[in-house]
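Peer 1: Could you build all of it, start to finish, from the sequences and the hints given here?
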Amino acid sequence: MVRYVESAKTLRIELITTCLICHYVIEHFLYWRLLS
1 MVRYVESAKT
11 LRIELITTCL
21 ICHYVIEHFL
31 YWRLLS
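Take 1 as the starting number for the sequence shown in UniProt numbering and just add one per residue.
Since the hints were made in silico from the structure, they are not lab data. Check the hints yourself; a few may be wrong.
[Said to hold, decoys possible] Label-pair restraints from in silico Cβ distances:
id, residue 1, residue 2, range
1, E27, S7, 35 to 45 Å
2, S36, R3, 48 to 58 Å
3, L30, T10, 42 to 52 Å
4, F29, K9, 27 to 37 Å
Built from N, CA and C at the ideal position, the CB exists for glycine as well.
Peer 2: Here's what the structure looks like:
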């Protein structure tokens, strides 16, 4: 049970990190599209 909770926490952190990176990339992509 403890191991499951730990892996769930890690998965959540990875998911949040991925979302932040995607959001950052998309914002920059849109920004450059607007400039050009």
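Peer 1: State for each hint whether it applies.
Peer 2: Consistency of the hints with the structure:
1. E27 x S7: 35 to 45 Å: violated (30 Å)
2. S36 x R3: 48 to 58 Å: Given range 48 to 58 Å: holds, Cβ gap about 49 Å.
3. L30 x T10: 42 to 52 Å: Because 31 Å falls outside the window, the suggested range is violated.
4. F29 x K9: 27 to 37 Å: holds (31 Å)
Hint check: violations occur at hints 1 and 3; the rest are consistent with the structure.
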